[in-house]
Structures are given as structure tokens and as C-alpha cells.
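For reference, the chains in residue letters:
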Amino acid sequence: MSDELAAAHRWGELAGGLAGAGPLLDAAVGRAAEGGASYADVRLSETQELRLYAVSGRAPDERVEGSLGLGVRVLVDGVWGFASLPLREAGDAALAADLALRNARAAAAGSRERVVLPPRAAQSGRYQTEALIDPFAVPAADRERVVQDALAAALEPAGVLRAQAGVNAKRSHRYFASTEGSRQEQHFVESGGMAAALAGGEQLVQRRSYPNSFHGNTAAAGWEYVTGLRLPQEAARVGAEAVQLLTAPVAEPGTASVVIGPAQLALQIHESTGHALELDRILGDEANFAGRSFIGPDAAGTLRYGSAAVNVVADATVPGTRGSFMFDDEGTLTRRTMLITEGLVTNFLSSRDSAARIGTASTAAARSDGWGFLPLCFATNVFLEPGAGSLDELLDRMGDGYYIDDNKSWSIDSQRLNFQFGTEVAWEVRRGKRARLVRDFSYGGVTPQFWGSMEATAGPAEFRTFGMPCGKGEPKEWGFLSHGAAPSLFRNVAIGVA
Amino acid sequence: MEGDVTGDVTQQVGLRPWAGRERALGVLEEALAGPAADHVEIFLASRVGHHTRFAADRVHQPQTIIECQVMVRAVAGTGSARVAVSDLRGVAGAVAAATDLARRRDGRPGAPPPHGVAPAAAARHDDGLWRHATIAWDEGARSAQAGAIMELARGAGGTAAGVLTAAITELAVVTSGGQRAYAAATEAGFSLTARVGEASSYAADLGRDASLLEVDGRAEAAVRQAARAGVPVPVPDGVHDVVFGGLAAGELIGFLPDFGFTAPAVEAGIGLVAARSGAVLAPDMITIADDAGAAVGLPFPFDQEGTPKRRVELIAGGRVGGAVSDLASAAATGGASTGHAHIARESSPAPEAANLVMAPGPASEAELIAGVERGLYIQRLWYNRLVDAEAGTVVGTSRDGCFLIEDGALTAGLAAGRFTESVLGALARTDGIGSRLITQPVPNVWNGCVSAPAIRVRGFRFGRRPEGRP
Numbered sequence: 005m006s007d008e009l010a011a012a013h014r015w016g017e018l019a020g021g022l023a024g025a026g027p028l029l030d031a032a033v034g035r036a037a038e039g040g041a042s043y044a045d046v047r048l049s050e051t052q053e054l055r056l057y058a059v060s061g062r063a064p065d066e067r068v069e070g071s072l073g074l075g076v077r078v079l080v081d082g083v084w085g086f087a088s089l090p091l092r093e094a095g096d097a098a099l100a101a102d103l104a105l106r107n108a109r110a111a112a113a114g115s116r117e118r119v120v121l122p123p124r125a126a127q128s129g130r131y132q133t134e135a136l137i138d139p140f141a142v143p144a145a146d147r148e149r150v151v152q153d154a155l156a157a158a159l160e161p162a163g164v165l166r167a168q169a170g171v172n173a174k175r176s177h178r179y180f181a182s183t184e185g186s187r188q189e190q191h192f193v194e195s196g197g198m199a200a201a202l203a204g205g206e207q208l209v210q211r212r213s214y215p216n217s218f219h220g221n222t223a224a225a226g227w228e229y230v231t232g233l234r235l236p237q238e239a240a241r242v243g244a245e246a247v248q249l250l251t252a253p254v255a256e257p258g259t260a261s262v263v264i265g266p267a268q269l270a271l272q273i274h275e276s277t278g279h280a281l282e283l284d285r286i287l288g289d290e291a292n293f294a295g296r297s298f299i300g301p302d303a304a305g306t307l308r309y310g311s312a313a314v315n316v317v318a319d320a321t322v323p324g325t326r327g328s329f330m331f332d333d334e335g336t337l338t339r340r341t342m343l344i345t346e347g348l349v350t351n352f353l354s355s356r357d358s359a360a361r362i363g364t365a366s367t368a369a370a371r372s373d374g375w376g377f378l379p380l381c382f383a384t385n386v387f388l389e390p391g392a393g394s395l396d397e398l399l400d401r402m403g404d405g406y407y408i409d410d411n412k413s414w415s416i417d418s419q420r421l422n423f424q425f426g427t428e429v430a431w432e433v434r435r436g437k438r439a440r441l442v443r444d445f446s447y448g449g450v451t452p453q454f455w456g457s458m459e460a461t462a463g464p465a466e467f468r469t470f471g472m473p474c475g476k477g478e479p480k481e482w483g484f485l486s487h488g489a490a491p492s493l494f495r496n497v498a499i500g501v502a
Numbered sequence: 016m017e018g019d020v021t022g023d024v025t026q027q028v029g030l031r032p033w034a035g036r037e038r039a040l041g042v043l044e045e046a047l048a049g050p051a052a053d054h055v056e057i058f059l060a061s062r063v064g065h066h067t068r069f070a071a072d073r074v075h076q077p078q079t080i081i082e083c084q085v086m087v088r089a090v091a092g093t094g095s096a097r098v099a100v101s102d103l104r105g106v107a108g109a110v111a112a113a114t115d116l117a118r119r120r121d122g123r124p125g126a127p128p129p130h131g132v133a134p135a136a137a138a139r140h141d142d143g144l145w146r147h148a149t150i151a152w153d154e155g156a157r158s159a160q161a162g163a164i165m166e167l168a169r170g171a172g173g174t175a176a177g178v179l180t181a182a183i184t185e186l187a188v189v190t191s192g193g194q195r196a197y198a199a200a201t202e203a204g205f206s207l208t209a210r211v212g213e214a215s216s217y218a219a220d221l222g223r224d225a226s227l228l229e230v231d232g233r234a235e236a237a238v239r240q241a242a243r244a245g246v247p248v249p250v251p252d253g254v255h256d257v258v259f260g261g262l263a264a265g266e267l268i269g270f271l272p273d274f275g276f277t278a279p280a281v282e283a284g285i286g287l288v289a290a291r292s293g294a295v296l297a298p299d300m301i302t303i304a305d306d307a308g309a310a311v312g313l314p315f316p317f318d319q320e321g322t323p324k325r326r327v328e329l330i331a332g333g334r335v336g337g338a339v340s341d342l343a344s345a346a347a348t349g350g351a352s353t354g355h356a357h358i359a360r361e362s363s364p365a366p367e368a369a370n371l372v373m374a375p376g377p378a379s380e381a382e383l384i385a386g387v388e389r390g391l392y393i394q395r396l397w398y399n400r401l402v403d404a405e406a407g408t409v410v411g412t413s414r415d416g417c418f419l420i421e422d423g424a425l426t427a428g429l430a431a432g433r434f435t436e437s438v439l440g441a442l443a444r445t446d447g448i449g450s451r452l453i454t455q456p457v458p459n460v461w462n463g464c465v466s467a468p469a470i471r472v473r474g475f476r477f478g479r480r481p482e483g484r485p
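Which chain is which? The protein sequence lines are A and B, in order.
To convert a position in the first sequence, counted from 1, into this note's numbering, add 4.
To convert a position in the second sequence, counted from 1, into this note's numbering, add 15.
Think of the hints as simulated: they come from the structure by calculation, not from any bench.
Treat the hints with care, as some may be off.
Stated by the list, open to error - If you anchor each label on the Cβ, the simulated ranges turn out as follows:
| # | chain 1 | residue 1 | chain 2 | residue 2 | range |
| --- | --- | --- | --- | --- | --- |
| 1 | B | Glu213 | A | Leu121 | 25 to 33 Å |
| 2 | B | Ala310 | A | Gly205 | 20 to 28 Å |
| 3 | B | Gly212 | A | Leu22 | 46 to 54 Å |
| 4 | A | Ala23 | B | Gly212 | 55 to 63 Å |
| 5 | B | Gly193 | A | Asp81 | 34 to 42 Å |
Unchecked claim - Here are the simulated lysine to aspartate or glutamate pairs, DMTMM-like style, with alpha carbons at most 25 Å apart:
| # | chain 1 | residue 1 | chain 2 | residue 2 |
| --- | --- | --- | --- | --- |
| 6 | A | Lys480 | B | Asp153 |
| 7 | A | Lys480 | B | Glu229 |
| 8 | A | Lys480 | B | Asp273 |
Cβ atoms here follow ideal geometry from the backbone N, Cα and C, with glycine treated the same way.
So here's chain A without its partners, still in its complex pose (with noise of 0.2 Å):
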């Protein structure tokens, strides 16, 4: 960590550091013990996203948004209280403690149960992401020239009916502060793109896109990023693989062997084993909405979840994903965490209210959706980790089979069990070589048998990271968090059950 906030992180009302919004953070904490609170902390951040995205036909949008606020939370006799609002005036910050007061004593009457948090010594500090070239300085006519040469070769192929690209960055800084003496500061740069094509035939449409197909992809860096997404050429491809795919076949229905690409295996990851290790889940926090898990509290060291060549970490101290930062946000000093270790499970994605009910120490994985929403456990960087050769390897070690990647649908039920994901894309795989494309894939299967299924995963060079939002909490709210794999192999997988 530098001893100066870098170039791209000076901006905003809160570019001061700890010491300009010390006060701030100091009054919320200071009026939250003052009305009884055992144990409160407070994040006050300020955002700013610029996107510029174009669709075929329609004036591009080009907006800015900016956030400024921040969100109280209190423990007062072991039941929380929460409160959160835009900035206004330096009073905001006692009236947010004041609310979430209010809220904390109002539910002492609904609770049996308390919570005891255990004492823990202040954790301060400063984070800054690296972005070599900071996306908000980059001339205008720059990202026009991206997006418009993108959305030119999406549409170019015939047969596309309409296209989409983009660009995006976001800035913040967000400052937390607890009772316990934590001051901390972090400040993030992210950017991002993406392209697609959505190409139309009779009774048909067929969509590609690139480099993800949900939300495009975006990390914790500057503008090099956009520039290395190699965005008009990788239009190009999806935009005629898109045209293809209209006169592609369908796979037969049955089991095969598959080769699951990085996009694709991003997202079986964030939904069969992120979401299942989530501690607050697994203890019933999110029965209502998000659901429970098959997991038990218990199953750390005990519960085989896949074969031996599963081995996911839980790691936000990786720079460079929309899951890394140095502190969650309740403060926890973040770590490298094995989640599965050779198919078992090790450990959870936890919170310390979660953590402290099953007596463990928090994992870092207290994520929220900046000021406005309560810290929940969301995934942070969680991957898969590599394993050796490359992907050619990989698929002559199959043989016969597909090779899937890039997202079209996705549920898997409340328990984060049975699943069934559709692919915008798949390759027939004969004698080790990448044959015609398939269109309409689709696989399903049962979490522990399906990841148990899994021989072998690719190298570090075949390695993805793909960054994403995630729905959660009541009201729902987004956590920004990153996975990654490499290309990986399973057998007898269910094909063509949608």
C-alpha cells in the first residue's frame, strides 16, 4: 500500500482521507455508544459509475451517476439495528445512529434470541486498487471509438438483428469506522465491457456474447483493461458464431463428458458453491428469500463436497477482481481462505454474526451493496484453483464430448442442489478436436454428484476471472464479487434437459 492515494482516486467529496471524514465517522459511532449500543459501526462511501452503452439503432446512453451516504449499524443487548441514508449535511450522521437505534430496541421485542460478538482489537488501515490508466480521465471520443467499432462489428455479420456494446467504470471511497477503534479507508477503480449479438432466423433467435454473457465482465483495474478486451474484434466472432448458431444442430439428449469453460464454470461456482457456503444461509438467515443450503454448519472437515481435484479458495487478497479489497465491510481484515480442499469442505463464506453463532472467526466475507444495505455474506473472490496443461490437453483427454461455455439460463432450487444451466454456446468434441457447434445446450445435475464428477481442470494460463453482481437480503441487494476457473473436465453429465 502506497503512503499517497494515486491519481485516479483523488477525486470526489471524499478524496480527503481519514482525516476529512474522520468527524463524520466519529459522530455516527460516537451517538450510536452514547444511545446504548454495545457494539456499532459505520461506512460512509461515495460512488461514481460512468457507463456508455450503445444499441443497434438507438442514440448511445452515456450516463454518470454519483452516490454520497452512509449506513449505521448498532448492536444494542444483542439485537441488531441498521439504518442508512444519502449525505446531506453533517447531521445525517447522528440521525442515521438515531434510526438505527430505534430500529435495534423496537426488535428486542420480536427477538428470543442474541447475539454476543466477540471483542475483537481495532483493525485500521488503507487499500487502494492499481489502475494503470484511470477510465475516468480517458477523452470521451476514446470510449466512443470502442463501443461504436464493437457495435459496427457485432452487427456486421447478416443475420443480426440487433447488437449491444459497452463500456463501464466505477470509483469509490469507502471509509469504515466501529466502536471497537477500526478506522479504516479504501478506495476502488473498476472497469469493464461488453459486446453481444442477438442474430434471428425463422422461429429462431440466437444470442453471443463477449467476454461474459452476464453484465459483460468488469475488474478492479483501469482503462487498460477495456483496451486488452480486445472489444471490436471479439464483436466480430460473436456476432457471426451468433449467425451460425441459427442453423447449428442440437446436442442428443443423454450423458456425455464436458469440458466446462471458464464464463460458464464462473457461474456454476457462484451458484452451487458460493451461495451454498454462505454461513448466514446455512443458519437459516435468508430462509425467506435467498433460500437455505444442503450444507450443514457442521460439515467443515466432514461433508465431501467433490472429487479430489476440487479445490476452491476464497481469496479477496488477489488484486484485480471485483472481489478484492483489504477489509469486508465490517471490517475484517481479509485472508486467503480454503473453502473445499481436495472435495472437502473446510470452511465457510461467514460474517461475525454468523461466525460467533457457530463459535469461529469470520472469513471476511461481510459484503455490501455500498452504503445503503446491511453487510451480508456474499462470495468474494472465489475460485477454483488450476490445476495443470492447457485446454487442448484437456479436451484430447476427453475424447468425445462438448465444449460449453458463456451463460443463457440458470436456477438451481433453495437448497443449492439440483441445477439445470444452459450454455449460448457448445462445441462437439470428437477425438479430442473442437467439431460444429451445437446450439440450445443445456446440463443439469445435483450438486456434490456433479462437482464428484469432476476429473480433472486446466492450468494457470487457461485461468478466468469474471466479476459479477449478486442478488440477496431482504430488500434485495447487490453484491459486486468476482469468481474464476479454468477450463475443467466432468463425466457422465446430464445433456439436453431443457
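Guided by the hints, dock chain B onto chain A, whose structure is given.
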């Protein structure tokens, strides 16, 4: 009237819109007089939400969440841009910044010219948006109610989890075309899951008036239903006669807009309105409209561009109806906006059917069930995703409160079962519609909701198809 203010400062937050009519319109109108763009449109959308979330024998997440966004759209020549801030004190700067961005875009080749802004137009009167019963449903009342629901479930040997919400939303719009619109509305909603052993049941509803939710009675019914379900049995693979409760039916019809009922889809030649306008899709008892003037759900008089909301029948008497639009898509397709402008987070602006209502029928849910000799009752669906917009195919699972129907009555509880089915096919095979509408929110859509009655579908497949695909 909205916004009576009494008591201390935290009570004031609970009782009134975040900005208020006079301040919102005053500041926005003042900002309009700023830099000279060709057109300027400004909206303020705020929500003061009070949420009492409970699970595992505690109110674990009592929250007050106040959100506010002021978004400016400026048009200069052929350029347009938007800038948003989270507080009114920044709106003048946002107008200047949006105007500057729009000017920089002016004259750039390769894109069609931007659309204009809404002209002055009277929106429907906003009577009925503000309900004092919702204001009175404060954190103390909600917490006590949550505790009682958990106690009720505990008494039946089970647990309960859920959320009780009272909120106030407001939207103010001013445009350089002369439009001035403001409305504030209360919002009350709940959802809860009762679990006894492995069996569960679910209840939810949403509207402007907390006194109409009947939370206690529906909680009791959910606990009772979970307690009587026994050990859930698997959903038998195959085609069944299915009664979908109002929540499950709402989940299914919530996909309709994806099948081509938006102006951009019509423009691209994709979907039902483009390809099969007027065609018979379903029995003539089925009418599904986007109707923000309906007495159910979350009625609201105008959209974020200030255009008064029009009722748009997506399916009218079983036939393919019309599409929703905003100013941009209406300009592209040559019509007038239907008042469905929407800007979702991390998404491009697009018209959104935000207040879907399926017309109720004459039957009670019990009567629909009584008409099934052997079949399924499906209360709640989960993780439903679009598979094929052309065929209307959706994948998902059943979740809580599902039962076998035998001889016209509910019998064994059902475990979650997967389906991959066409919503259009299901509507075509519907032969009964319930009389009671239940409303649920539409995620990621401002003021979005779907209101639907129970429906009876003759033939809906759960599990894998014998041949593996449709």
C-alpha cells in the same frame, strides 16, 4: 395527504417522503433554468424503506434504508447524456455536467439523434396512493408481529422467517417540455416462510395499504399448512393438471414482457407482438395488462420521463395485444410513449412493464383445486429463468407450500421439483382463474410488481421430458 410531520426527527423520517412535493419540484424547476441544453429532463426518485426482517428466533435485520436518486438527462443537438446524484443539493451541478457531456456528443457520427422530452400532460390523479394504515405500521408494530409469527411457528414445532415492510416512495419529474409531475405513495408488503420439519409454506402480498395485507391470518394459514404437509414426497415426473397459487402464477406471467411485448422488440421484429399481433394465444378469459392505474399492486400515475402511464393489454381476451414503450422506443416505432420508461441499474434504459395485472376470474382457489381429480398445487416457484423467448420456455423449480391434489383436495406435501415449460403453453391450457389477486415485487424494477390470481392449467410437465427436450 402525504407527509404529516409530528414528533422527533426519527419519526419524521418514518412519516414523510424524503424530499416532499414542494422541495422536489422547486429545486428541480430551478435547476431547469441552468445551462441551455436543447432539452432537459430531471427526475427525483426516492424511497424511505422500513424493513423488519426475522429468522432463527430473532428480528435479525431491522432496517431503515433511505435511497434517493436525482437523474438529469440533457440533449444538445445530436448528443444526449445523463448525470445522477443522490441528493438535491447536487442537482444544479448535475444539469451542468449532463449538458456538457451532451454537447461533447453533439455531431458525432454513427448514431441516430436522441429523443426529446415529455411535454406537459396531466397524469391521473394520485388519490389512493397514500394510506395511513401503512404509516401506522411502525417498527414497534412490525417487530411485535414478527415475534408473534415466530412464536406461532414455534408452537407448531417449526420456525418462521420473513420480512415486513412499510415504505414511502416518491417520484418528481420536470422537463423543459413543460411537464411537472409529482406523486408520493405508501407501500406495504410482507413475505414469510413457515417450516415444520422438512415441509414449508409461504405467504406474501404487496400493496399501498398495510391494513389489507392480512398478515396475521395468512401467517396462521402458512403455519397450519406447513404443519399438515408431513414429509414431502418428490414431484412425480410427468404432465399434471396443476393449480398455481397467485404467487406462482405471478412468477409465470412475469415473463410475458420478455416474449416481445416491448417496443424495442417490435422494432427489431422479435417476439409475439411483431410476429403474431392479434393471434389467439389463450382462452378468452385471459387478459393480462400492464396497468399502473389498477386498484391492486403499486399503482402510480406517471413514469420516470414524466409521461402519464397508460394501460397496455399484453394479452387481451386471449389474443396478442400491444407493447409497452418509452419516449425513445416510441419515437423509433412511430407511436406515443405508453409511460413505461425505466432505467435499471447497470443496464441501458428500456421500457419496462412494471405493473402487470392478470384479470381475476370467478373461482376461489379451493374451487380450482376441487376441479382436479389428480394433480399438483404449486404455491411458490423459484429461480425461474428464461430459456427460449420465442417458445416462451422457462426453467425453474417449485419451492414452498406445494401439494399433491387427490380427488379435489390437497394431500401429501411436495418436495421441490424442476420444470422446463412454456408459459405460453400453460396459458393456452388454463381453464380456471381464481378471484383473489396476490401481488409480489418485480426485482430491479422501480415500483415494479405483478398481481395475479390462482390459475388451473390442464397439463404442465415437471421433471425431464421422456425425449429429453421439447
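Can you list which hints this structure breaks, lowest number first?
Going through the list in order, the structure violates hints 2 and 5 and respects the others.
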